[in-house]
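Let's have the full structure, built from the sequences with the hints guiding it.
Number of protein chains: 2
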Amino acid sequence: MIDGAMLIGAELRQAEARFTAVDPAKGAPLTPTFSSAGPDAVADACELAAAAFPAYAATTPEDRAAFLEAIADEIVALGDQLIERAQQESGLPRARLEGERGRTVGQLKLFAQVVRQGDWLDATIDPALPDRQPLPRPDLRRMNVALGPVAVFGASNFPLAFSVAGGDTASALAAGCPVVVKGHPAHPGTGELVARAIRAAVDKAGLPAGVFSYLPGETNRLGEALVADRRIKAVGFTGSRGGGLALVKIAANRAEPIPVYAEMSSINPVVLMPHALETRGEALAPAYVQSLTMGAGQFCTNPGLVLAIAGEALDAFVAAAGRALTESAPATMLSPGIHASFEQGVEALARHSAVTTVARGKVGEGVNQAVGALFRADAASFLADRALGHEVFGSSSIVVACRDMDEVRQVIASLEGQLTATLHLDAEDEAEAKTLIPVLADRVGRILVNGWPTGVEVSHAMVHGGPFPATSDGRTTSVGTAAIYRFLRPVSLQNLPASLLPEALADANPWGVARRLDGKREASPR
Amino acid sequence: MIDGAMLIGAELRQAEARFTAVDPAKGAPLTPTFSSAGPDAVADACELAAAAFPAYAATTPEDRAAFLEAIADEIVALGDQLIERAQQESGLPRARLEGERGRTVGQLKLFAQVVRQGDWLDATIDPALPDRQPLPRPDLRRMNVALGPVAVFGASNFPLAFSVAGGDTASALAAGCPVVVKGHPAHPGTGELVARAIRAAVDKAGLPAGVFSYLPGETNRLGEALVADRRIKAVGFTGSRGGGLALVKIAANRAEPIPVYAEMSSINPVVLMPHALETRGEALAPAYVQSLTMGAGQFCTNPGLVLAIAGEALDAFVAAAGRALTESAPATMLSPGIHASFEQGVEALARHSAVTTVARGKVGEGVNQAVGALFRADAASFLADRALGHEVFGSSSIVVACRDMDEVRQVIASLEGQLTATLHLDAEDEAEAKTLIPVLADRVGRILVNGWPTGVEVSHAMVHGGPFPATSDGRTTSVGTAAIYRFLRPVSLQNLPASLLPEALADANPWGVARRLDGKREASPR
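Protein chains in written order, with this note's numbering: chain D, 1 to 526; chain S, 1 to 526.
It is possible that part of the hints are untrue.
One copy or two, it doesn't matter: identical chains are merged, so the pair holds either way.
[Claimed, not checked] EDC-like mimics (lysine to aspartate or glutamate), calculated; alpha carbons at most 20 Å apart, straight line: (1) Lys-109 / Glu-62; (2) Lys-434 / Glu-407; (3) Lys-362 / Glu-327; (4) Lys-520 / Glu-457; (5) Lys-434 / Asp-507; (6) Lys-520 / Asp-139; (7) Lys-249 / Asp-44; (8) Lys-434 / Glu-224; (9) Lys-26 / Glu-365.
Derived from the structure by calculation, the hints contain no laboratory data.
Following this line, the structure appears as structure tokens:
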């Protein structure tokens, strides 16, 4: 069922250059070998995508929604082989991967609903005012249209939900954009299975083959060529800061610059407010360690920084967290490379003169095991060395002890843009917390109270984004239904005769979408 | 009333370096001399803007709307001195400037309405689902917040409506962003008058002084320093392609890249469809020449390119347009520099071996006069030389004769991104036009039928934007109420206790804004 092919539209093509995936739990190579896509494959996939764009962008909401649902069905139809292959390639446990498949399928179905509902069109009508003085107003109608072919980069840490048929692909397809996926080299078999599922859905829907292509590969050149291709009009990426910034640079230097939506790095500060720390700090420790070590800490929203006022209560929290971490089991990381980076980051913190190692998790027997790491430093040291605020991808976190809330604020002010910030608070902390909310809102995409940042709901109000460098574009989200707006742009139509108006803007409103009439928005129809 | 000062928040400061404005109709310098803002002024204005940001972003919709209306009132209160100074500095006629003042004031008042109405908040609530399986859903609420201090570059061609208190400033202030304006050196007196009006409104509203600063100057270094300043979070610009692209590059190379909304260049293709050309081509010529020569052709949406099938009907249209242009009066251009560029562009076309000069307008007596220019070429020549598709800012236009509609389509496909495209058509042309609409929609921000692109309505459905290089960000508009979204980003709030929720997301909805509940949008309240 997988043979290492590239999917260039409907064509299954093998490249001469090959690469191999590794089972991170065994440190051993997996079969088969995979095509390492080169420049010809990139050019062909982009050409097909550009050719497919007009027809795909012109599909009705119903057809497009049915296509998204068909992809979901084809993924489910892959059955256990998908879970098994993903387990082999990622080292993630079965239950997690089954949950992730559910999320992936649910996400596709949610975008099908979004497409049908039609709010994404932002259909806006300013009726003509022929008698207005001194000049008549023309009939003006505006709607969103698709940007064009989109390049999607699969992420390592969610081989299903942020990869070939993940949120970027689902939202781009929902917007009416063909997609060319650059598969992540850590899970090429998983990627190929999902790519074949999408291809089957394209085929059954009778859509032009170029609506979807899949390019496996392990070279930086592949991604660079894809972003540089003039037919690509936007990029979705989840990964490292280095990788994301490289793509941003390429996109900015094109003859026609294009938007890059790169979700890059975050240490997700957690503030333990004074009263909460005092009354239940110790009790918070187990949930913190659970959030920290879940999935070997390989979440964008992993709590990598805890801020609180120094004192006995914080000492008790740290001690309890240390005890919990000491009992935590090691977990296989996604790839040898990610494991090596984690070890390097943890060692650098352990060796840092201003940092104390509070605890490490249990050491395991196998290879590529994440052994949790908990560190402590004071705020002055943290403020003095920006390196202490860099993300260590994996289950590593640092507790920063502050003199007072002013110093907590100083540390927050020193932070780069983040995906999330969390406050643990009691009713007695709310007055102080109220003044922190706008400060945090200026620096993060999501603020949580009395929870933990891991776990990103796929819904309408979610923002999985944040100011640079958490992402390359803080005006957007990569999770939730608002992700569709990344791949749309508005077009205005002035005085078009009825026969030339698109359905979304026609007087009869055949698609039954909510519209804004003279500035007043109608309620959503469903 | 004007003395050449910079307005650094509440402070009136004179720079040692000075520059002088020119009356383009006389070619003579105007008094007084103006401050040429240097790096210290930039840093001070940005520091004040950053300091003012939290308080300004936290203003209620009512307070912010009242502030926008106060700016409008202060501008009106400037009375005739504003019109007279703008006339001297721009060479534009009084009626045009009075109309432009009305547009500027109306724009501010429209954004006041927008702010009060609250749709811009995009308030979205996904209620908690505590019993959901396998995991409960948290309470998630999302709203838009202001990006931060915005740099606005005044445009030469609209000394009021696209300048100090123009659309960029109005929409940024409406979004909750402090504004630092880099004034256009062609109309520094007009700029200073308007800046003082805004300053008076800031003062009366009791807002922090840093909400608005005004930096006159004539050096590129000024704009570069402003865009590079780390406290600036977005840029609004209307001007040349060279200027816009330089700012885009600076913004992309910052430690924290920021969005630049640059509206740059467009030749605004007009297609005369076969039946319309045949039956009424000649009759279209006077309106075309009127649109071409209005305001000395100094509009972003000036019709610089006409496409039609070669033949007797096109010859008749060209001849009639030539006759009308021959009768057209010369008009003073905005500045000696703009006039020199226009002359250069027209001469290059006149000398081009594949281009015929159809007609020139009347030659005037004064200096800096735009003498209209109409050219003709065939499609093959136009396709062979991209330079023929470059904007000549001013009343210059080229008619491109095509063999057939396929060649018309070929020319359209060869064009860069544009602000507008226009179709002149009869009922008999509609079938063919219907297939052109999506092609044009992929290339422009606004499509018009049976009109002329000059005249940009300030309303909800307007898109004054378009794919690169018409603008640097085709996902946005710089005119109309949707311009506010350029200066906003979303933030999500998870499980916040009631006391910490911002008004826009509180259960009681004290601002009475329309919200999206569980994906279903409410109707706008007003």
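Hints versus structure:
In this assembly of identical chains, Lys-109 and Glu-62 lie within 20 Å of each other by CA distance solely inside one copy; the values are 12 Å within and 40 Å between copies. Taking the shortest alpha-carbon separations for Lys-434 and Glu-407, only the intra-copy value of 17 Å comes in at or below 20 Å, while the best inter-copy value is 63 Å. In this assembly of identical chains, the alpha carbons of Lys-362 and Glu-327 lie at most 20 Å apart only when taken from the same copy (6 Å versus 90 Å across copies). When the C-alpha separation of Lys-520 and Glu-457 is checked against a cutoff of 20 Å, the pair qualifies only between copies, where the shortest distance is 17 Å, while the shortest distance within a copy is 30 Å.
Taking the shortest alpha-carbon separations for Lys-434 and Asp-507, only the inter-copy value of 17 Å comes in at or below 20 Å, while the best intra-copy value is 47 Å. In this assembly of identical chains, the alpha carbons of Lys-520 and Asp-139 lie at most 20 Å apart only when taken from the same copy (16 Å versus 28 Å across copies). When the C-alpha separation of Lys-249 and Asp-44 is checked against a cutoff of 20 Å, the pair qualifies neither within a copy, at 23 Å, nor between copies, at 30 Å. Proximity of Lys-434 to Glu-224 under the C-alpha cut-off of 20 Å is found in neither arrangement, the shortest distances being 44 Å within a copy and 37 Å between copies.
When the C-alpha separation of Lys-26 and Glu-365 is checked against a cutoff of 20 Å, the pair qualifies only within one copy, where the shortest distance is 11 Å, while the shortest distance between copies is 87 Å.
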